[in-house]
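S.K.: Single-letter residue listing:
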Amino acid sequence: MVEQKRLIDDRGLRVDGRKPNELRPIKLEVGVLGNADGSAYIEQGRTKILVAVYGPKEVHPRHLGLPDKAVLRCRYHMAPFSVERRKSPAPSRREIELSKVIREALEPAVFLEYYPRTSIDVFIEVLEANGGTRCAGITAASLALADAGIPMRDLVAACAAGKVDGVLVLDLNDDEDKYGEADLPLAMMVNLNVITLIQMDGMLTQEEFKTVLNMAMEGCKRIYEMQKQALKAKYLAIKEEVEV
Amino acid sequence: MTIYFEKRSLVVPGDLLAEGDYKVGENTHRVGNKFYATRIGLFDFKGKTLCVIALNSFYIPKVGDIVIGTILDVRVGGWIVDIKAPQLAMLRVVDALDRPFEPTKDDLTAIFDIGDMILAKVIAYDRTRSPLLTIKEPGLGKITHGRITSITPSKIPRLIGKKGSMISILKKETGCQITIGMNGLVLVRGKNPESEMIAVKAISKIERESHTTGLTDRVVEMIKKMKEEGGVSSG
Chain Y
1 MVEQKRLIDD RGLRVDGRKP NELRPIKLEV GVLGNADGSA YIEQGRTKIL VAVYGPKEVH
61 PRHLGLPDKA VLRCRYHMAP FSVERRKSPA PSRREIELSK VIREALEPAV FLEYYPRTSI
121 DVFIEVLEAN GGTRCAGITA ASLALADAGI PMRDLVAACA AGKVDGVLVL DLNDDEDKYG
181 EADLPLAMMV NLNVITLIQM DGMLTQEEFK TVLNMAMEGC KRIYEMQKQA LKAKYLAIKE
241 EVEV
Chain E
1 MTIYFEKRSL VVPGDLLAEG DYKVGENTHR VGNKFYATRI GLFDFKGKTL CVIALNSFYI
61 PKVGDIVIGT ILDVRVGGWI VDIKAPQLAM LRVVDALDRP FEPTKDDLTA IFDIGDMILA
121 KVIAYDRTRS PLLTIKEPGL GKITHGRITS ITPSKIPRLI GKKGSMISIL KKETGCQITI
181 GMNGLVLVRG KNPESEMIAV KAISKIERES HTTGLTDRVV EMIKKMKEEG GVSSG
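Chains as they are written, first to last, in my numbering: chain Y, 1 to 244; chain E, 1 to 235.
Keep in mind that the hints were calculated from the coordinates and are not lab data.
Here the structure is a predicted model, which means the values were calculated and not measured.
Using N, Cα and C, we set each Cβ at its ideal position, and we do this for glycine too.
Take the hints with a grain of salt, since some may be wrong.
Label pairs and their calculated CB-CB ranges [claimed, not checked]: (1) Y/Leu66 / E/Thr134: 26 to 32 Å; (2) Y/Glu107 / E/Asp106: 23 to 29 Å; (3) Y/Asn214 / E/Lys48: 35 to 41 Å; (4) Y/Pro80 / E/Met222: 42 to 48 Å; (5) E/Arg189 / Y/Asp68: 51 to 57 Å; (6) Y/Lys221 / E/Gly175: 51 to 57 Å; (7) Y/Lys27 / E/Leu72: 39 to 45 Å; (8) E/Arg127 / Y/Val32: 55 to 61 Å; (9) E/Arg127 / Y/Glu84: 48 to 54 Å; (10) E/Lys48 / Y/Pro67: 42 to 48 Å; (11) E/Arg189 / Y/Glu107: 40 to 46 Å; (12) E/Lys46 / Y/Ala90: 51 to 57 Å; (13) Y/Lys178 / E/Met222: 52 to 58 Å.
Far from chain E by the CB rule (all over 12 Å, computed), these chain Y residues [claimed, not checked]: (14) Gly65; (15) Glu97; (16) Ser99; (17) Leu155; (18) Val167; (19) Ile198; (20) Thr205; (21) Glu207.
Please work from the sequences and hints to get the whole structure.
M.R.: Below, the structure written as structure tokens:
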């Protein structure tokens, strides 16, 4: 056995120097792609993700269309260069599963019933992965959906929390996720106070679970505010430029 | 009875607009007695009706709309037309010809071929069927010349302006004929390519800056400047 890396140092700081209750630095940008109907880019620490949204449009192949609502199709994909060792570009078991959970996290937010017999396609492209890609993917995807002008009940913000070296921490990075004790990704529609995704691996006591859940919800709230700012920024920049 | 935003303030999906006895307008959504925005846009209310003027939207056909479309395919009984709606539209031969259609003699590609652009009217559309078009009305049919530009459909009222103020300025200043398709495609027909280009640039300026104030003045100023410079290069 290799000696375990210490994830919390003597000062109580984490591997990247953050305090337990601190998010990684987040950069959000909306409308970065010209050819997509809507798009968004997120940087959360070293995790970098690009999302493009198309639709609503005709469903191809046709038989996948539904008579009473639109189909939301998600493709979570990691670029071959997104991880240290080259990843095969073919969709892996993990990517197919994440596509499904991300779709289910976004579905409650979108008014799919307005557009029957159409599809809304979401492409989540992970450019660099350093933990928390499903959460960052959801955060960016909901921004891209809003940017595409698709009616939504609320924006979906996502954030993970977990347990590392016995300490409860917010927004785990890759090392903390791999070598930590527990990880709980959470996605929620903050204004409506609805959870749309909750997963967990590792072990937590009931008390710890409650604390970690609250921490993740707090993280989602902070990310939600940043999402709103990022969406408005696209239009406020034009406003400032022309209104002197 | 509280409204949380001022008129014309920028809202995003999920923003709580108001609480109490109001009515749902465009791009708003109600849960109990709380009203939320569903699109990014400018908040507005008329009386008790709350609405959000979307800054980005797509076209949902309405019966009676005049639209601009591209012929995508020629089938046995008609044409498949892209009108930038979620579904492809259909133009049947009976809605295009003013005489009976004879399958042995008539060649549909001679009337409209793939890639042709048409001005048409929506005659049927609902949740269960794709849009159906007609060109059997004066002014409708194949577009033979001019320039097409696009604008997000929710900004068409801004392009027209209050009582047509914006569009009449555009027409007067550029000398172009401007036909607005409700699906966001705009046909500009002028005497020369330069004046068409000026109109197209002015329309894209209106689209980009629709949420700002003092837009009409800036558009007039821009057109004047471009006319002085002797038009713009068609790039």
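S.K.: Could you run down the list of hints and mark each one as holding or not?
M.R.: Here is what the structure says about each hint:
{"no.": "1", "hint": "Y/Leu66 / E/Thr134: 26 to 32 Å", "verdict": "29 Å, holds"}
{"no.": "2", "hint": "Y/Glu107 / E/Asp106: 23 to 29 Å", "verdict": "47 Å, violated"}
{"no.": "3", "hint": "Y/Asn214 / E/Lys48: 35 to 41 Å", "verdict": "38 Å, holds"}
{"no.": "4", "hint": "Y/Pro80 / E/Met222: 42 to 48 Å", "verdict": "46 Å, holds"}
{"no.": "5", "hint": "E/Arg189 / Y/Asp68: 51 to 57 Å", "verdict": "42 Å, violated"}
{"no.": "6", "hint": "Y/Lys221 / E/Gly175: 51 to 57 Å", "verdict": "55 Å, holds"}
{"no.": "7", "hint": "Y/Lys27 / E/Leu72: 39 to 45 Å", "verdict": "40 Å, holds"}
{"no.": "8", "hint": "E/Arg127 / Y/Val32: 55 to 61 Å", "verdict": "33 Å, violated"}
{"no.": "9", "hint": "E/Arg127 / Y/Glu84: 48 to 54 Å", "verdict": "49 Å, holds"}
{"no.": "10", "hint": "E/Lys48 / Y/Pro67: 42 to 48 Å", "verdict": "35 Å, violated"}
{"no.": "11", "hint": "E/Arg189 / Y/Glu107: 40 to 46 Å", "verdict": "45 Å, holds"}
{"no.": "12", "hint": "E/Lys46 / Y/Ala90: 51 to 57 Å", "verdict": "54 Å, holds"}
{"no.": "13", "hint": "Y/Lys178 / E/Met222: 52 to 58 Å", "verdict": "56 Å, holds"}
{"no.": "14", "hint": "Gly65", "verdict": "10 Å, violated"}
{"no.": "15", "hint": "Glu97", "verdict": "27 Å, holds"}
{"no.": "16", "hint": "Ser99", "verdict": "22 Å, holds"}
{"no.": "17", "hint": "Leu155", "verdict": "5 Å, violated"}
{"no.": "18", "hint": "Val167", "verdict": "33 Å, holds"}
{"no.": "19", "hint": "Ile198", "verdict": "19 Å, holds"}
{"no.": "20", "hint": "Thr205", "verdict": "34 Å, holds"}
{"no.": "21", "hint": "Glu207", "verdict": "32 Å, holds"}
Going through the hint list in order, the structure does not satisfy hints 2, 5, 8, 10, 14 and 17.
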